[in-house]
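**Student:** Given the sequences, and given the hints that come with them, work out the whole structure.
Protein chains: 2
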Amino acid sequence: MKGLVVLGSTGSIGRQTLEVVRALPGRFRVVGLAAGNNLSLLEEQVCEFRPRMVYASREGDQLYARLRGLGLACRWAHPEEMVASPDVDLVMVATVGRAGLAPTLVALRSGKVVALANKEVLVMAGHLVREAARQGGGELRPVDSEHSAIWQCLWGERPEAVARLVLTASGGPFRDTPLEDLVRVTAAEALRHPTWQMGPKVTVDSATLLNKGLECIEARWFFDVPLERIDVLLHRESIVHSLVEFRDGSLKAQLSVPDMRLPIQLALTYPERAEGVGVPRVDLARLGELHFGPVDMRRYPCLSLALEAGRRGGTYPAVLSAADEVAVQHFLAGHIRFLDIAPLLEEVLAEHRGVSLPTLDEVLEADAWARARADEWVRARARRL
Amino acid sequence: MKGLVVLGSTGSIGRQTLEVVRALPGRFRVVGLAAGNNLSLLEEQVCEFRPRMVYASREGDQLYARLRGLGLACRWAHPEEMVASPDVDLVMVATVGRAGLAPTLVALRSGKVVALANKEVLVMAGHLVREAARQGGGELRPVDSEHSAIWQCLWGERPEAVARLVLTASGGPFRDTPLEDLVRVTAAEALRHPTWQMGPKVTVDSATLLNKGLECIEARWFFDVPLERIDVLLHRESIVHSLVEFRDGSLKAQLSVPDMRLPIQLALTYPERAEGVGVPRVDLARLGELHFGPVDMRRYPCLSLALEAGRRGGTYPAVLSAADEVAVQHFLAGHIRFLDIAPLLEEVLAEHRGVSLPTLDEVLEADAWARARADEWVRARARRL
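Sequence order for the protein chains is P and F.
If you're matching positions, the first sequence starts at 1 in the working numbering and goes up one per residue.
If you're matching positions, the second sequence starts at 386 in the working numbering and goes up one per residue.
These aren't lab readings, by the way, just hints derived from the structure by calculation.
Warning: the hint list may mix true and false statements.
[Claimed, not checked] Example chain F residues on the side facing chain P (calculated, C-beta under 10 Å, incomplete):
#, residue
1, Q537
2, C538
3, E657
[Claimed, not checked] Derived list of chain P stretches under chain F, where covered just means 3 residues or more per stretch with a C-beta under 8 Å from a C-beta of chain F:
#, stretch
4, 40 to 51
5, 241 to 255
6, 259 to 268
7, 291 to 305
Backbone N, C-alpha and C define an ideal beta-carbon position, used for all residues, glycine too.
**Tutor:** Structure, rendered in structure tokens:
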């Protein structure tokens, strides 16, 4: 049995990770669970999986008291302590934002396998993550459907054979909205993703396609391919999750129904493919058609900004990611409009004075600066109106 | 430099093999060339590539005299002798019909790498081919675009992870012809393939989809997957060359423009992918759509017959293949109609008394019987009219 820690166990990816654990009995021993806000669900999970360690970022004392009351002998442990435990083999990093960064670095330095669903970790500090893996012999596996697809297409291939990575994008809920109507779209509309069920932050990022920019930056670090050789392809159906083009002109693609349990399971069971959760098969004969198209950069200025931040490197991607987190919160709260997100990011990026090859402290400093600056942008905008 | 023998060097696959050799200078030394009818092209090839050994199945004496006149010091050698030479590493078997069978067996028994484009070899004697490879340590690599696609999708995968193989089929020139009009189609129409440029026999087999049945039988031997787990999927564009479905619900597909030089090159350079011939990239954004559909078995009775022959095994696939060769010749010569091919095959198969696990002699005997019986069917039909 593999010892598993799930960070962010009550979120969408965390819950589906535990579904995989349930579907493969005898395969994983849940050693630690950590979550943010949803204490009642965390309590349920602890009762079911009986982890040795537990952590909640808010109101932990209250939960801890209740668990003791239930007679559950689990110890309180900070994520960075959890992931380094000798009885841990696998760590699912399913947190959001910067929360996953430090535990990922510790897990890799301790030689663990890290299944990484927290996009911002590689975006903020790709060079530090790779260095940690190199130092400690840890292994990084992708969980995002796009990166899992590329990973699968690269099995058995030589690095020098890769010509390009092609990430597919559904285009989000506004892919067909006339450009002039985008000024009026609401948070509720942005949360209606056409093909995937995901958390609100990721769903809004899929509407701006900033998400895809972050994924390109992630891919750069996951697969050691420069951004210049990473393309984005519009694909409405979210069946082809990404492709790899090889230098002989051959392409490989990975296809499946849009169900995150598949890449989650693969990250946990690799090199084995398990039936496990029983994801339904894609029936191409019935589906009939797959559509592809170029990305219209006028519709998705956030994607251009993200790719530009990725090309500049250093602290720019961390600044982009932090400013976007703030922008999306304000958009969901109704403080700014959908079309304000790109100008906000552009201004924050333009004002940032980047540091190349930053230390973790410098990354976190840039992150804090970007958040404050983005908040200020929103307040200034409110004053102007 | 790898020593290369090309059997069937003047046919479509043979000529493209030599294009690959030209595009990768210093990589291959052409040790032997063998061809059937096109003596003038064979002579040109000998002058260009200076093989140590040469063979022509017809009028060889005449060619041999001319080559000596030109001062070319190449020796006459039968294909079975050629492929066993110690200076040969790779054998491209690009012959058609039963011609490639014996040299393939000898090459595999001599531990060579065999790039197999001659469909009938595995169809007629898959069990003998696998046994020969096992005995001599030879390696079999696919050249057909479908099998090459599956091969590429299987790299880095475990055999037990494979759920199904899915071979794509363009549907041939009559995929949209009303069923009632098929009775009138001509040989010239059958030779107009919508996506691939190939020899006449293969092109007619693509119109009946018998071709796809033979490929399913080949796939069964190439990849050790039973026919029950091999599907055929209609795909008009011939961009997705085939797919593999894994037991976790993930599919991998290989895509490229329809250009045989790509799988030929890969079979010769594996595990390397070379730029070599410079096959153009697939531009999915520009292509816009890929279409898939189920195969209508009423339109393609030859496919059902082939799959049935494959399931019965033993000498049945050899009988099917031989009878089809005769049927296609008669169709191209105007002796029978397009819709006569399936009833001919059905009758010959029904009359055959199969042998299971046949020896090479028994396979060749069944082949000869089927040819005679098919000829007889055509004569009987002429008498009836």
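**Student:** Now tell me if each hint is right for this structure.
**Tutor:** Do the hints match the structure? See the list:
Annotation: interface hint on F/Q537 holds; nearest CB of chain P at approximately 6 Å, less than 10 Å. With its C-beta approaching chain P no nearer than about 7 Å, F/C538 sits inside the 10 Å limit, and its interface hint holds. The interface hint given for F/E657 is met, as the beta carbon of that residue sits about 7 Å from the closest beta carbon of chain P, less than 10 Å. Evaluation of the coverage hint for the stretch 40 to 51 of chain P: breached, as 0 residues show C-beta separations to chain F shorter than 8 Å, against a requirement of three.
For the stretch 241 to 255 of chain P, the stated coverage by chain F is satisfied: 12 residues place a CB nearer than 8 Å to a CB of that chain, which reaches the threshold of 3. For a cut-off of 8 Å, the count of residues in the stretch 259 to 268 of chain P with a CB near a CB of chain F stands at 4, and the three-residue condition holds. With 4 residues bearing a CB less than 8 Å from a CB of chain F, the stretch 291 to 305 of chain P meets the requirement of three and the coverage assertion stands.
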